[in-house]
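Asker: Going down the list, the sequences are from chains F and B.
Quick note, the first sequence lines up with residues 1 to 416 if you use my numbering.
Quick note, the second sequence lines up with residues 1 to 416 if you use my numbering.
Because the hints were derived from the structure by calculation, they are not lab data.
Check the hints yourself; a few may be wrong.
The list treats identical chains as one, so a pair stands whether inside a single copy or across any two.
[What the hints assert, rightly or not] SDA-like, lysine to any residue: derived pairs with alpha carbons at most 25 Å apart: (1) 177 <-> 267; (2) 121 <-> 299; (3) 243 <-> 87; (4) 396 <-> 185; (5) 248 <-> 328.
Protein chains: 2
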Amino acid sequence: MIRHAPHSRASLAERDAKDPLGAFRDEFILPQGVIYLDGNSLGAMPKAAMARSQELVTQEWGQDLITSWNRHGWFDLPTRLGDKLARLIGAQEGEVLVTDSTGINLYKLLSMALDLRPGRKVILMEGSNFPTDNYMAQGLARQLGRGYEVRFAERDDMAAQITPEVAVVALTQVHYKTGVMFDMEALTQMAHKAGALICWDLCHSAGALPVDLGAANADFAVGCSYKFLNGGPGAPAFLYVAKCHQGKAMQPLSGWWSHAAPFAFERDYRPADDIHQILSGTQPILSLAVMECGLDMMLRADMNAIRQKSMALGDIFIGLMEALCQQYGFTLASSKNANERGSQVSFTHAQGYAIMQALIDLGVIGDFRAPDILRFGLTPLYTRYVDMWDAVQAIKTVMDQNLWQDPRYARRAQVT
Amino acid sequence: MIRHAPHSRASLAERDAKDPLGAFRDEFILPQGVIYLDGNSLGAMPKAAMARSQELVTQEWGQDLITSWNRHGWFDLPTRLGDKLARLIGAQEGEVLVTDSTGINLYKLLSMALDLRPGRKVILMEGSNFPTDNYMAQGLARQLGRGYEVRFAERDDMAAQITPEVAVVALTQVHYKTGVMFDMEALTQMAHKAGALICWDLCHSAGALPVDLGAANADFAVGCSYKFLNGGPGAPAFLYVAKCHQGKAMQPLSGWWSHAAPFAFERDYRPADDIHQILSGTQPILSLAVMECGLDMMLRADMNAIRQKSMALGDIFIGLMEALCQQYGFTLASSKNANERGSQVSFTHAQGYAIMQALIDLGVIGDFRAPDILRFGLTPLYTRYVDMWDAVQAIKTVMDQNLWQDPRYARRAQVT
Chain F
1 MIRHAPHSRA
11 SLAERDAKDP
21 LGAFRDEFIL
31 PQGVIYLDGN
41 SLGAMPKAAM
51 ARSQELVTQE
61 WGQDLITSWN
71 RHGWFDLPTR
81 LGDKLARLIG
91 AQEGEVLVTD
101 STGINLYKLL
111 SMALDLRPGR
121 KVILMEGSNF
131 PTDNYMAQGL
141 ARQLGRGYEV
151 RFAERDDMAA
161 QITPEVAVVA
171 LTQVHYKTGV
181 MFDMEALTQM
191 AHKAGALICW
201 DLCHSAGALP
211 VDLGAANADF
221 AVGCSYKFLN
231 GGPGAPAFLY
241 VAKCHQGKAM
251 QPLSGWWSHA
261 APFAFERDYR
271 PADDIHQILS
281 GTQPILSLAV
291 MECGLDMMLR
301 ADMNAIRQKS
311 MALGDIFIGL
321 MEALCQQYGF
331 TLASSKNANE
341 RGSQVSFTHA
351 QGYAIMQALI
361 DLGVIGDFRA
371 PDILRFGLTP
381 LYTRYVDMWD
391 AVQAIKTVMD
401 QNLWQDPRYA
411 RRAQVT
Chain B
1 MIRHAPHSRA
11 SLAERDAKDP
21 LGAFRDEFIL
31 PQGVIYLDGN
41 SLGAMPKAAM
51 ARSQELVTQE
61 WGQDLITSWN
71 RHGWFDLPTR
81 LGDKLARLIG
91 AQEGEVLVTD
101 STGINLYKLL
111 SMALDLRPGR
121 KVILMEGSNF
131 PTDNYMAQGL
141 ARQLGRGYEV
151 RFAERDDMAA
161 QITPEVAVVA
171 LTQVHYKTGV
181 MFDMEALTQM
191 AHKAGALICW
201 DLCHSAGALP
211 VDLGAANADF
221 AVGCSYKFLN
231 GGPGAPAFLY
241 VAKCHQGKAM
251 QPLSGWWSHA
261 APFAFERDYR
271 PADDIHQILS
281 GTQPILSLAV
291 MECGLDMMLR
301 ADMNAIRQKS
311 MALGDIFIGL
321 MEALCQQYGF
331 TLASSKNANE
341 RGSQVSFTHA
351 QGYAIMQALI
361 DLGVIGDFRA
371 PDILRFGLTP
381 LYTRYVDMWD
391 AVQAIKTVMD
401 QNLWQDPRYA
411 RRAQVT
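The shape of chain F in the complex, shown without the other chains (with noise of 0.2 Å):
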């Protein structure tokens, strides 16, 4: 049974036309016929990222060489950009810093999240989570030794697991499968109530939806800038420590931009007390330099109508599966209410992998997540309203001409 759309490719080019975001997709650079699907995983490249990389490297690394670490403030970086994203996710001046990776990060926010709760000895986490989340606090633990643990408890019943030996509760608020949303506020009211401290993973927050770390009373965070924040593939990540948690507890990978004093060049390490403590060491300057590209757009649009575009896209696009693919087996993954769903869909299918390549050929970009999710992100900067109709479409077409059961697509994901 088809049922009938509750959509037309006419109306939703309409809602285009009248899109207070839609000048923000001509700053951006998009393959020719392709629908993409996949900021979620990689955001599209900002024009900008081509002439700020050219720069970087013909004048500033090429001409200006070393003097270009105080001329053009390289070492400097890590802070600046670190202050401009702090207004996407209500944080602070000096509360942020642009620096290394996730996991990275993770460890050391995490360290310190287990010196300033002694005698408590579990790391709760969401077992479904991303892996790397899970296996970075792992490694700690195993670091650590003397009883520290991992404690993974699924959704429903993080909040019973929140007990008196737990010293930190680390959650990713968007889950990167399902799309689905901590609130982010009652947990960390909760994991405050027991005694511990809160780490937010943002990966699939930050750009994507308004966060506002300073109301919730976080403690910590962390994310990515290559999804949501299209700041280039693997660009250094951020971290978030409040500003009551700085300068009380040290972070165990303190190279010398953590000095108090990192170009006296003493012998013994003495930490800085404020946000540069959680530094580590030289950052590579040509990603985190580009990643202000994406940056700079993302501070220019209204974080409030990107959320409304975000979930309306999502509800248009589950409204249009559902009426023009409910046959094929597809099963929403996500929630249907847009307040508990991030800026993706997903649906599982046991096909989910060949269905997934055979779209990709087609033109439409998702991805697909093991053992049986497709993901679909929604990214309003970019997005349109009728790439929600031709992707619907796409999948129709995979699913009725069985494109899905070429050979070529039996084979597992290799994709971040």
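For chain F, the structure is supplied; the task is to place chain B on it using the hints.
Answerer: Just chain B now, kept in the frame of chain F:
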């Protein structure tokens, strides 16, 4: 007293004309009117890096987006570049990674070394080493507690300090200030004889002189790629783990790239049993991929020719300084014996900071290291013999004309 100069500019120009490495200079961008003697801090830009960075941004990120992780081999960059770099440092395929930063790599390897020597609690290091290594080791010891400690010794006393409590000796082969070199083979033997492991920091060695980790039977090594390897500002660092130690000890920064099956998204950590285990998370692709340009060029050069020219450049520089600048109070801080010197020449001078600033304004770029060191890096792929003449003439001008007394130069260093 001004002695007769041991060279003339003309004789040095003749030597440049016959230099078998001379053609490499054309493969670099070098600013007009500058003699760049700071390649031991930030290497000059290979021309190839311009095209590569443009291709990376415009095509790989801009057009091919998420598919580039496989299509353009982003995911394999750490191992693929590591295998190339291995050829420069006497390592085998599968023993080297290009990833993260020097300090973070050191943290991983020292942690493994301590695991491999249970019961021994001491990390032995050189007190006057570039501080970030020492600070990272102190961070690790603090993190572990239980009596772990970093013990500092100075160079002359190092061998005597390799006692039975020492788990791992961590030394930088070429000293960052003076350029003086440790005997890698001898120290490695001493460490092993005492039952300890050794980790070599090759920041000032890789690409500067022949290194043979295999012949020295070294256990571990780290190093950066933005100095003599011309990898770009803050380009990811490298690490080496001898095959015999792989799969025997865990490293704590165990992100998903180090998992035995990273794309299976298993809940619990399960280490890869090869060099992949030393990876952590997603890498900064722009910085990492551009790093290959300098590496490829270095692989085409004859490392013995590089070493011969480097030693000759140093001898000429020292000879000219003695002849032309003896009366100005410079003291040679490097060894006069080229065999004991890395690819730099350093002098101490009480007014070192101001002198270096004045010199930079004359177009001769070296750097200053507190409290009184002037460093001049010699990079045979783009440093000419005549540059030694012109640099010493500029130093003489700064001193003859008291240019260093300009009040502009009376401030503290801030350059890495």
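Asker: Is it within a copy, between copies, both, or neither that the alpha carbon of residue 121 lies no farther than 25 Å from that of residue 299?
Answerer: The answer is neither: 39 Å in one copy and 49 Å across copies each exceed 25 Å.
Asker: My question is about residue 248 and residue 328: at a cut-off of 25 Å on alpha-carbon distance, are they close within one copy, between copies, both, or neither?
Answerer: neither (56 Å within a copy, 48 Å between copies)
Asker: State whether the alpha carbon distance between residue 243 and residue 87 is at most 25 Å within one copy, between copies, both, or neither.
Answerer: For residue 243 and residue 87, only the intra-copy Cα distance (15 Å) is at most 25 Å; the inter-copy one is 47 Å.
Asker: One pair to classify: residue 396 and residue 185, alpha carbons no more than 25 Å apart. Within, between, both, or neither?
Answerer: Neither way: residue 396 and residue 185 sit 40 Å apart in one copy and 66 Å across, limit 25 Å.
Asker: First find the shortest C-alpha distance between residue 177 and residue 267 inside one copy, then the shortest across copies, and answer within, between, both or neither for a cut-off of 25 Å.
Answerer: between (47 Å within a copy, 14 Å between copies)
The structure does not agree with the numbered hints 2, 4 and 5 stated previously, though it agrees with the rest.
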